[in-house]
Structures are given as structure tokens and as C-alpha cells.
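Protein chains: 2
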Amino acid sequence: MKQSKQKPNPPTAVTLETQLTSTRLAGDGSDLGIDGRRRVVIEGVRPEIDGGRFPIKRVVGQTVVVEADLFTDGHDEIAGVLRYRHEGEQTWSELSLVFVENDRWRASFEVRHQGLYYYTVTAWIDHFRSWQRDMRKRVAADQDVTVDLLIGRDLIKAAALRADGGDAARLNAIAAAMGHGEERERTVKTVLEPELADLITRYADHPWPTIYDKELAVIVDRVRAGFGAWYEVFPRSCASDAGRHGTFKDCEARLPYVAGMGFDVLYLPPIHPIGRTFRKGKNNDPNGNSDSVGSPWAIGAAEGGHTAIHPDLGTEEDFRRLVRKSEEHGLEVALDLAFQCSPDHPYVKQHPEWFMHRPDGTIQYAENPPKKYQDIYPLNFENDQWTPLWQELKDVVVHWIDQGVRIFRVDNPHTKPFAFWQWLIREVKRDHPDVLFLSEAFTRPKIMYRLAKLGFTQSYTYFAWRQSKWELIQYFTELTKTDVREFFRPNLWPNTPDILTEQLQHGGRPIFMSRFILAATLGANYGIYGPAFELMEHRPQRQGSEEYLDSEKYEIRAWDLDRPDSLKELICRVNRIRHENPAFQNDLSLIFHQVDNDELIAYSRRSADGKNTVLIVVNLSPHYVHSGWVQLDLQALGLQTGNPYQVVDLLTDASYSWQGPRNYVQLDPHSMPAHIFRIHM
Amino acid sequence: MKQSKQKPNPPTAVTLETQLTSTRLAGDGSDLGIDGRRRVVIEGVRPEIDGGRFPIKRVVGQTVVVEADLFTDGHDEIAGVLRYRHEGEQTWSELSLVFVENDRWRASFEVRHQGLYYYTVTAWIDHFRSWQRDMRKRVAADQDVTVDLLIGRDLIKAAALRADGGDAARLNAIAAAMGHGEERERTVKTVLEPELADLITRYADHPWPTIYDKELAVIVDRVRAGFGAWYEVFPRSCASDAGRHGTFKDCEARLPYVAGMGFDVLYLPPIHPIGRTFRKGKNNDPNGNSDSVGSPWAIGAAEGGHTAIHPDLGTEEDFRRLVRKSEEHGLEVALDLAFQCSPDHPYVKQHPEWFMHRPDGTIQYAENPPKKYQDIYPLNFENDQWTPLWQELKDVVVHWIDQGVRIFRVDNPHTKPFAFWQWLIREVKRDHPDVLFLSEAFTRPKIMYRLAKLGFTQSYTYFAWRQSKWELIQYFTELTKTDVREFFRPNLWPNTPDILTEQLQHGGRPIFMSRFILAATLGANYGIYGPAFELMEHRPQRQGSEEYLDSEKYEIRAWDLDRPDSLKELICRVNRIRHENPAFQNDLSLIFHQVDNDELIAYSRRSADGKNTVLIVVNLSPHYVHSGWVQLDLQALGLQTGNPYQVVDLLTDASYSWQGPRNYVQLDPHSMPAHIFRIHM
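Residue numbers (our numbering), protein chains in the order written: chain W, 13 to 693; chain Z, 13 to 693.
Calculated from the structure, these hints are not laboratory results. What you were told as hints is all true, and nothing was included just to trick you.
No distinction is drawn between identical chains; accordingly, a pair holds when it is met within one copy or between any pair of copies.
When the alpha-carbon atoms are kept at most 27 Å apart in a straight line, the in silico DSSO-like pairs for lysine-lysine are as follows:
#	residue 1	residue 2
1	Lys149	Lys384
2	Lys384	Lys201
3	Lys261	Lys294
4	Lys383	Lys149
5	Lys383	Lys201
6	Lys493	Lys458
7	Lys406	Lys458
8	Lys458	Lys441
9	Lys361	Lys406
10	Lys565	Lys383
My request is simple: use the sequences and hints to build the entire structure.
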């Protein structure tokens, strides 16, 4: 590795290409703004998202593998380096690119700090290695190499001029010896040594390097961005005595329960004052009454807006205490960012220009015609005062950062302008690179991906609706085996307060178990909405709806956490398995293996160092025992064909001795619908 | 279609993205250099080669289909246009983009003139259509729409302000009627009409359009670039009496023969004076003697260099006459550009700085150690005087253009810098957009593609070595079904003076027939090196070599063109079929169909208008009769399932009545190894 001064990109052949498609040039090559002697081409640099428009994502400690096509005209040897630097560094670190195949070169670097890294590629003609290669062939063909030795001597002398003391002396000595015929044999041996090429490379002049015209970026987040189990809970339902409005103090009392199940993030729906105008009643009744507690997403009342706390939950100090206490339990509090207002929100009076006004003088409420959401006023981002609006919303985020929050779950980001999020996230992370944003955009794929590209740390996914084996394999292959893996970090939720899938409504305990295990083992990040999940709440508001009956979105619920059928033991075990096995802590190693039964799905994951390998098999049917033969990709698992290996089911502690790729599995969904094997070689 | 003034791209959200990955911004949105109200996103624009760095290619009369992903936040309707213009036009033409699926939009335009076209995409929120869509839902749900009518009225009035006389009056009348309750029903009907949206679109203000940040380019060539049959011949072998050095006049006499076979391009190896120093003898003998004629690629002697004509061929006037006479026969003369010098080339004395000098004072000859090519000095493009060198080489091209040449076959372009070719081709085509360049780079795939991207009109391919069914399908799928199709125009050669494949050496007449038919029907552009090809010359210089024995590269050959076994009749027939059937005249429609026999390959092609469809079936075995069932993709052929159709073999005039996708074929390589069916519906 070598340090070099950071220089602005000089014009390159790549610049020329752009010009040639759009302007006319004078006839003289010197007008090109390039040096025609710059002969190496760099293309196909990866990773590169949308032509370098968007950064890729990593967490601290992960590796960025960079590849590029490098080639030149003619037969000269070439060499190149990967250059990278943290945004706080002025100099590039350089690593030699290594030839792979088919003009492809590769190098990789580890990201060690939060913030932005930049990387790019430089390459040049390696005249000395070209000379060495030809020299070897000449010597092998027993040709007269007298003149060729002189050519090599000049190259060595030129390097010596730029070399440090000892190296300069060594190079000069070699060059001097090359003139003497009697020492020819020994001289030839010396100058053909690969080590000499390395030495000369260190000092070589390559006056016309090609420098890739883009500096590509990596957003590096802290480790939590890449691995975590989320638990969503309504604070107002945390009271120990049924019917009472829960408080932050009640949440504190709930912490041992949540932490005890092994979760990492405690996500709270909005904690702000709730509007009274058009307040919804139970089960989304548009005619709520004064007893209704309303929806936490109808934000803002006389008591305040997005920076205020609902008085029934407690004070700012109570909230900060909850954040601290959570930390003591190994939990981080995540807040909801829902940028919309109830008609009673202070913004409505203070900033009427931020809302859409109708010709009758009223403010436009949220609609999806013919449906009306009169308790919600959307912000109008097309208003003339959009810059103060953007600034205010950023101030909201900073306010909660000041209260100790570092994770935000963003409600419906796809209903606010993309440029706004890109600006907001970049602005916030500039001062607080440890802040993470989860995008809750259940919408069309390109929109979800765009939000991820422009900066969201994590994203909700279609996981809840990917239920068959084919759907799961297709979707997770897209997420982990295409460019999507570079910018989109999936966070898998089997349920949310808005999503009670039909499968969960009808599949009983086996489906809650299997969907939980799928979420927790297919992705490094996952979450559940509890206690509804672990208590297997499955009654829909009505037939065909994915809404919960008696949803906590509109009322306070009391939950019997000690119910004997609770899944909390399973959840606890799976979270412990995830923490103890690094294989679960990144998304990129996921590989599916064939099983000759469409109800059984098998996949493996490995830790980056290859030392920890797990194999998961899930019975997707909630009804029937299924068995089949798993056909393992032994190479992907790091196993030698022919050698026996041990698989230990981390769920049951059962141990099996396997050999070869084909192995039999049988799973009864009513006892345990999955194996989570650790593979011991 | 609508004309709009060409404006420089204003900053867009796309610009913002680039900034956000590389710089830090002030906290105030107004510093972004963008308008935050610009809400539509444009991405995934296709065709776009290497992020827009390179132009795509078309010929006059072809169509460019442009697609883009367009979407916005929220639920508003959006609209967009494809903008395009010829480089000579100041204003953009605009065409509405039409929604396809999954946020994908599409429009297409025809290129009518040679030169460069530019295209890009613009999109915006369509507030009136958003309002209309919601209005329809409200009316359907029988909601009170009083206020909504007022909102719509304002939108209509705003458009009326920008509308022309009649339209303005009409819009104002509609707006006025919207206030009157008693006319409500009729008013609602009027304002929901799609025609009203079209009218308003014509005048609508969309103050914050997103303009794609790239103007992508199309190089448009004349039709010959996209369709042609080449015939390569050594002029010095054209004499009617054996042993005499042929002249341009002899070539003239050969024109009826070549034109009679239906060729379009007559390609001549270098016609310049040939060096005497280290001149090669027959069969590449390094010890040639004064009787040797030498290799035409060892360019330059006392008589002159790249702009001179070999005295034994004739004069400049003879050459110009050959060009004219060729035209009269429907043939275009293509010249060879081989930028290398014999030791006797005038450049060696006039411009010693353009060559590499060795420490012993000699000039570096071409080498591929341990092989030496002492009759060739390569140009050293790394020399300090590279700009005069570039200019001189351009002048060489212009010299031949001045003699009437419009097609150049470029020898080994991959041994000269990429930037040089990009500059040269662009420079030449700026003044002479009708000039075409064929790249002879038989090298690694990425290098071949790079040369095509940077401007070569056509390219030699790996066709000669793609012989099995699997190889052919794989290769031609890559050429015609990936982005490669946009910039790489294949020119298929079953043989060249350098390439006598092992298959041709051993396969006899059947393999010459099948390889010819494959070349002429798999690609719109193909060529043969004759008369070696039609006379089935197949003797290699030695076992394992692809060089011809007694190669015309080093000696004058006499050919008996009237040999009864000549393939000229087949060639004539196939070339006529190609001319009569537009299906053969573009590369992009190629589709392979399944055959249940690995020795039979089947593929179809269609004309752009779908009116002309051909199906080719070739027996790849030179030895055995093969038969099998072809499984046709009827939809791709434009056929209705169930309807019978007629296929006429254009090679034999035999006619068959087929029905359904499965049909039987049998081919005897010793009589005719292929069917070329025209499909009649």
C-alpha cells in the first residue's frame, strides 16, 4: 500500500470520449485537452451505481471489492492501482490491482470509519514489465539480447534517478553490470527477477496514467446498520393495568421483556400530541369521540407538533430516561418520522403556506379518492416556501438527535420529494454519521430502490408477501445477487401494525414460527411488531383486510405477555443464535440450495472470514410434515467433497453426521418448522 | 410532435445527486442549485452506453426506441417527452412518452439524416390529469364535487391564459360553466373528457420539469453501413495471364464477375509501394529475393508511402477510374488502412521521431518475441510529436477520400491508441459523414467492443471460429440481444487472407457452402476473401496453421474463375435473396428457434415493418444428412397459432405447407446444406 498526494483529476481519455459525443474539436490533437499518449483504457468499474451517481453502502469493518476492465492497445504490459480515501483524509491510499481474467482486474479495501469513502482506479503502461516479459522470451529462444539489455538498462537507470539512496545504488549497480559482456549470464538472471520489477514499479515514472474520471463513493455506517433485530411497540399499550394510557415509565418496565428476547432496536410509533379534529375512533371509525385516543400518526395538537411529546406519555426528561435505560438493556430507541399534520398541528396556523389551500378556503386533507383522511393534512412540498419547510423538517430530526435518538423509521417517504430525502439524510449524516434511517416505502420496486440509492440506510421490503419458495428465492436473489445488494439493505418484517397478511390470519402457530425464522435468518436486519406477533394476534378487521381487528393504531390494547403459547422463547433462542453466529450478520453471503420438495426451502450463509457457516431449512407449509433431499452446494459451504461433516441444529441441539451433497430432512410444522444448522467441518 | 426551443439544461435533481456524493452542501435548500419542487425522477434511460459516454449507431431510416423510468413521489400523474434533434438542428422535436409498465415509459423516433442525433428525456407532474383522475373517482362515488370543480376550473383558467385564441376561448367557456350548479352534470362530463386533458397539456405550465442530465448521441450512417456484402481481392492477382502483376485495369475487367455475384463492396488490400528491406518471399519466407513481390502490408518505398500507389498497379488516375467503374457496377471500393511502415517508408527519414529508436541506433521493428517482423516498423504513438503524427494519418485518410474512397478497412486498430481512433473517426466523419470504417481487430472481446464504441462503423467478429450450434447461438445472442447491438455492427467473414480455419481445411465443399450461408444470413454485413473462397482454396501453409499455402499475401496468384465447382452460382443466388428480402437488411431481428438435433441450427429474421420474414435452417455437419423437428416461435414470426402458412425455399424454389410450431426438416450437406425459407402468411 502506498500513499499518494490527492490531486484533482487531470483530463483523461475518458473526458475526451464525453466531448466527442457532444462537441466538435479542432483538427489538431493538441486541442483535445488530453495527452494522446495516455494509452490505457479503464471501463466497467464496479461497484458503480447508476454511472456513479449514487454511493454504495457498507458498515465499518466490511470490505469493498473493486473491479475494473483495464487494457491498452498493442502488447504492452499494464499495471494499475485502486485508490481510496476516507472523506476526512487528504491523501489516497493505493493498492495494486490484480489481474483476474478477460481484462478484469481487482483489489479490495476495508472501510474502518463511519462517513464517506471515495474510490477510483488509475492504470498505466508498465514498460519495465513489458521489457522483462519480452526479454524472457528472447532468452528462452537463445536470441542475441545485447541491444535489449541496453534498453532495459535505460529503464533501470531512469528508475534509479527517482529512487531513494539504497535502492538507487542497487539499481545503478544492476544497470552498470548490464554493460559488461562477461557478466551477461548473471546479469540476465538478475534483470529477469520479478522482485526487480516490484522495485522498479516503486520508482517508475508513468507519465501518462489514465485516471478513471469518477470518484465513486461509499457510505459507511456503524455496525448496527448492517445487523439488528427490531421490536416495534406502542408505548401507550405498555401499561401494566389494562385500559390505562401507557407512559414512557411503563415502557421502561417493558425493557427487560424486550431485551430478554434478544432484540437490538426498540421502535416506537409517533410519540407526539395527537390531533382532535376528525380524530378516528376504534377500528378506524371516522366518527371518533372524545374518548378515542386517536392515531399516533395524526400528529400535532394544541400541545405541540413534531418536536413535542404526547402529555399522556410523559415528559422530555422521561423520554431521555427511556433512551438511557434502553441502552442499559442493549436496546436502541428508534423514533418514527411521519411528516404530516393533524388539522390541529401548530404548523397549520404558523405556516399556512406549507399546505394546499382549496378554493373554498379550507386546507386540503389527505385523500385517495374516494377515500378521505380528514384527520391528516399532507405537507405541500410544491409551495413557494419549500426551503424553510425543508429546514424545519431537518430541525425536527436534529431535535430528536439532541434527545439521544440515533435511529429513525421514516413513514411513507415516497410521498415526499426524493430530492428532499437526499438532502435531509446527507445533511443530518454530515454532522451525525451514526444516524440511521429506515425507509417505510411499501410501493413500487423502482421507487423503493431509488429511496435506498439516495441515502436511506435500510428499507422495508416485500418480504411479508413473498411466501412461496419460488417467490422467496426470486426476491432474495434479486436483493443479494444483483447491484441492489450494494445500496439496498433489507429489513424484513413478517408483520407491522398495517400488515397482517392473510397467511398469518389463517396459518396458526406454525406459520408465525416459520415466518419469524425466515425473517430472522434470511436477512441480517429484521423486525416484528409486538406483542401482537409473539402472541400470534391474527384477527383481521374484516374479511380480506390486512388491518388488525381492534388495531393499536386507534386504541390502547392490553397484552398478556405471560401467555404459555407465546413465541417469546423461540424468538429469544433465534436472536441468540443470530448474535452468536457471525454468518447471520451480513446479507451478501446468502445462497439457496436445491430441495426436491416445493414446501421446503434451504439456504446457507457464511461469515466474511468463512469460519462460521449456517444452513437453514424451513417447511413453508403450516399444515403438513414435509421431507425431502437437500442438494447442497458443498463448494459454497466451504466443504470438501467426500469428507464427512457435522451439522448441529441450533434450535434443538440435535446433531447429525452428513456426507456429500445429498441429505435427507424432515420437518413437522407443529413442533418446529425449521432447522438452523451450524456446519462443523 | 411538438417543436420547442433548445435550451441549455437547467440544473436538475439529477445534478443534485452527483453533488451529494462528492461535496458538502450548505444547510439551506436554496444553496442546492436546484428547485426542490422538481419532483419527477428520470432514471434507467436506454439506450445509453457506458453512462452515455458513447453514441449508439443507426443507419438512415432506422428507428431509435427510447425508454426511461419515470416516477414521482405521492400519487400525482406524470407526463414526459422524448426530445431529439439532428446535430444540424437548433430546436428539439418532442414526442410524448407512453407508459409501458412498472414505471417504464417509451417513445421512438426515426433518424432521417447522416451525422449525429441527440436525444434526451423530460418529465413533469401533470396536475390536470391528476385532478381528472381523482374527479372521475369522486363522481363514481357520488361525492360532492363542488370544491373540486373550482380547483379544476383554476387549472383550466391557467391553461387558457397561455392558450391561443380559439383554444383560449374554449377553455374559458368551460371554466365559466363550471361555476354554475345547474349545468353541473354537463360540465362534469366535459371536464372529464380525455381530449380536454390533451388540450390543456398543449398549454399547461409545468414550471419544475425534470430534464435528464445527459444528451445521448446516435451516430447515423448511410444505409450501406447497415447492409452489405464485401468481396476482398488482391489487385495484383487480377491479371488475366498467369504470373503477370495485375493492375487496376485488370481489376476493372474483374468487376463484372464480382458484381455478377451480387457483392456491394470491393475491398482491396493496401495498394501502396512495398518496402524492399527485409522483403518477405513466398510463404512468408524471411529471406525473400528481388523477385519477391513482398507483402502489401509492408508499406512504403522510395516510390512513396501511404498516399502513393504501387507503380505496378497503375496511376492515381487508374485508381480513380477503378472507383468510378466499380460504382457503375454497383460496387464501392474499400481501401485498407494499415498504419505501419516498411524500413523504406519516407516517414522513416522524414519523421524519425515517429519511430522507436534502440540504443544501438537502429529503429525498433515489429516483434512478438521470439518472432521478428523486420520488414515492418510500427509507429511509436508515445512519441513527443504525436500531434503531427495524428494529423498526418488523418491527412492520409483525407487523401483517399479525395480520390473517391468512402469505405476503409482498418488493419489491426487495436495496436494503435484508442483515443487516436476516436479522434480520427470523429474528425473525418465531421466533414465526411458518409465515410465508413471497418475495424479489423481480432483480439479480446472488450477491446473489440471498445473500438466499436469509440466510432468504428463495423467490426470483424469471432464468426470464423464459432462453429458449433451452441457457439453460434451464444455469440449471436450476445451480439443482437444485449447492449452490444447498439454500438457493434458485425461484419461476418468465413475466411480472410489470414484466416483459413481448420474447418474449411477439412470440411470440403459442404462446409464452404454452409459457412457462406451462415455468414450471409446471420448478419446484414458479411464478406469473403476471393477467389480463394468461391474456389474453395483450403490448403494450409502447414499442419495446424490458419495461413494459406502459397498465400497471396506474399505472391501473385492466378485463379481459374470458370472452374465448374466454383461456388459463384450459390453466392449469386444468396446475394440476390439478401437484396430482395428486407429481412436480411438489419441485424436486430435475429431469433433462434429450437431444433431437436445439435447439427441443425434454425433462426429467423424479419424486416422492420414485419412484412418480410425469413427462416434459415442450416446443417452444420459437412458429412451427414441430418433431419429434425424445428420448434418455431410462431409469435416472433408474426404467425397465428392454428393457421397454416406457406414456406418457400428461396435457394431451391421448393414450397412447403406448414401448420403449427413443429415442422420437419432434412438437409443433405452434399446437395444443399441449408434452407432459406421465406414465410408467406
